[in-house]
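Visitor: All chains should be built: construct the whole structure from the sequences, respecting the hints.
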Amino acid sequence: MIIANQLFTGISFGAVLLLIALGLALTFGQMNVINMAHGELIMAGAYTVYMLQQVITSAGVSLLVAVPVAFVVSGLIGVALEILLLRRLYGRPLDTLLVTWGVSLVLQQAARDIFGAPNKQTTAPSWLAGAVELGDLTLPASRLFILALALGAVASLSLLLRRTSLGRRIRAVVGNRALAETSGIPTGRVDRVTFFVGSGLAGVAGVALTLLGAIGPSMGTSYIIDAFLVVVVGGLGQLKGSVIMAFALGMLNAFSEYQYGPSVAKVIVFVAIVAFIQWRPQGLFSVRTRSLA
Amino acid sequence: MFTPSRRHALLPATLLAAAVVLAGCGSKVSSSGTSAASAPAASIDTAGDTVKVGLLNSLSGTMAISEVTVKNSLLLAVDEINASGGVLGKKLTPVSEDGASDWPTFAEKAGKLISVDKVAAVFGGWTSASRKQMLPVFEKNKALLFYPVQYEGLEASPYIFYSGATTNQQIIPGLDYLKSQGKKTLYLVGSDYVFPRTANKEIKAYAAANGMTIVGEDYKPLGNTEFSAIVDKVKAAKPDAVFNTLNGDSNVAFWKQYKSVGLTADTTPVISVSIAEEEAKAIGPQYLAGQLTAWNYYMTTPGAANEKFVKAYQAKYGADKPTSDPMEAAYVSMYLWKAMVEKAGSFDVEKVKAAAEGITFDAPEGTVTVDGTNHHISKTARIGKIGTDGTITEVWNSGQPIKPDPFLKTYPWAASLS
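Residue numbers (the numbering used here), protein chains in the order written: chain A, 384 to 676; chain B, -3 to 414.
Just so you know, the hints here were simulated from the structure itself, not pulled from any lab data. These numbers were taken from a predicted model, which means no experiment stands behind them. Just so you know, even glycine gets a beta-carbon here, dropped at the ideal spot from N, CA and C. Just to be clear, a hint being listed does not mean it is correct.
[To be verified] Pairs of lysine to any residue residues, derived as SDA-like cross-links and limited to a Cα-Cα distance of at most 20 Å, are as follows:
1) Lys317(B) with Ala300(B)
2) Lys231(B) with Ala387(A)
3) Lys231(B) with Ala512(A)
4) Lys399(B) with Gly362(B)
5) Lys234(B) with Ala514(A)
6) Lys503(A) with Asp316(B)
7) Lys231(B) with Leu390(A)
8) Lys114(B) with Lys347(B)
9) Lys234(B) with Asp519(A)
10) Lys231(B) with Leu517(A)
11) Lys317(B) with Phe498(A)
12) Lys86(B) with Lys114(B)
13) Lys649(A) with Asp188(B)
14) Lys503(A) with Thr384(B)
15) Lys234(B) with Leu520(A)
16) Lys317(B) with Gln437(A)
17) Lys234(B) with Gly518(A)
18) Lys503(A) with Thr387(B)
19) Lys231(B) with Val515(A)
20) Lys138(B) with Val91(B)
21) Lys197(B) with Met208(B)
22) Lys649(A) with Ile394(A)
23) Lys347(B) with Thr369(B)
24) Lys381(B) with Asp236(B)
25) Lys649(A) with Gly212(B)
26) Lys623(A) with Gln665(A)
27) Lys503(A) with Lys317(B)
28) Lys503(A) with Ala315(B)
29) Lys180(B) with Lys231(B)
[Said to hold, decoys possible] Okay, the calculated bits of chain A under chain B, using three or more residues with CB under 8 Å as the criterion:
30) 391 to 397
31) 485 to 498
32) 502 to 508
33) 521 to 532
34) 588 to 597
35) 600 to 606
36) 635 to 646
[As the list claims (entries may be wrong)] Across the chosen pairs, the derived CB separations fall in these ranges:
37) Lys399(B) with Gln661(A): 56 to 64 Å
38) Gly443(A) with Gly314(B): 25 to 33 Å
39) Leu413(B) with Ser539(A): 55 to 63 Å
40) Lys234(B) with Ser509(A): 24 to 32 Å
Guide: What follows is the structure, given as structure tokens:
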């Protein structure tokens, strides 16, 4: 029973990791932008839920509406960031780190000025308040919703990358930017769209997180490290590594936390990651490209 | 063409400059230990018809949810004191600094308030980690800090006045209450820093002496929001009650996830020592209804002094704003300092300290009295139950103010702690 319960806890924690890392797998993994403001894009998504609940009284409707709206809101913030700053910094990952970190501080303060320092709370719809009981197993409905959202996001993203012409272009630019450009692909526009999708996914993650924790100006900071870990360990340049690693880390975390407590669990996870990176510095999967960058 | 390279050149230079500044700060603090005896008392700027008071609270970061309200209530006390003529004929000018939920920042800003602004006293701090960082700064500079939050005890700095509860005024009455309700097994959940860890040490000593069993103990870093494994553990351990010492944003996540696995106030009640009215509002009453808290003051505490306090606070900050224990303790601390200064007839720190013994104030929580030896105040303990609307109503109180005993000298079971 405990094993089944922890299995589910691991899966649901993995789903959270996957949601917060998925956007980053695009912007960092594919575009090599170290976006420290990713956490604040998550925050923007969470505040979107709060704002929508002011307008739409039904908690369920506003949550469902919030998924696409948060995607667009965070996506637009991401595009603004790309156009105003990051475009000038491609190929200089360390500079993007500093600049986006500054941007994250600005966005946090902006949220504090707009919404106030205290946390905001949203009402969870009644159909997410309960839990599904399977014998001794309790599956919180909110966790199942997050899992569904994460899997939906992965499915739509891989469809986008594999089956659409936009996806082909994105993969072409990742594979070899110069060759893509000479073949007539407008790489600048592709970058912008990629960044829009990656940032938008952060917004969707923000929607999910309102079901778990607080909506506050500094909420993003507690997720950014985990998100980077997943992408780095999963390997840059493709999605499946991030997906597998999100669930693997979620599982490892859930079991060791149950067995040894949160502090030791963190140590175990980090040691495992360090050991893994020693063994496979390129991450779980890596993309071989012919680009020189 | 040159711009990027110049930017690159500037960055290391900036970092270097920052490092030099930081190193300077470090050496100043470390040299304090040796020269503390000979250091001159902090100079207070009493020229002119105003005197400055420092307000040091986290206005950003994970603790802002709580500390902003403390700052508001300190400002209310300043306004009221100024409206009634100030202190020793001088109006108070508040100087506010942001501790940013970062403990070294508290120490740095405290030093700035003392030596640059030359304030008469500093009011603020919330987490014990921030207080522990500020303590040497105040002792070195011989300046006063008024600390308004309940804490883990085992401390009595000559330069700090503690207007929140120490252990025997909050945690022990909370445990007494659980014991009287027949709770035999406890699960401890806390944030990972000095207050929860010390408090839980005391709780474990109490449990051992009172026939209670601790069935689990877990800590999460401040601000962490992943509690699914912990709530699973609580559910599997089936304790009679949970003792919650979580602080800040983590509480929101803990409560949402606690409820989501079907744990309720009926089956597994939780007693919290860091959730007051403001936090209850931010966490959401739907998650908290029926759960217990241990404090010395609630917004619903009866009495004329509290009615006046609540009315004044809501007039200044909005009719929907709740008042809470730390806010009340902060408000009280400003008045206690005023009374000490007036009794001393001077802003001089040593004279103010000497005047502290026996100072009383008709506080919203009831009359409080300063203990001049350990710098704590006597307070009535109150156990409350959170309602469906987020207000907290008292279900038990200690009947009379409990004398502060920060080192738990009057409790035999606590002999091994200090």
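Visitor: Could you tell me which of the hints above the structure violates, numbers in ascending order?
Guide: Every hint satisfied by this model.
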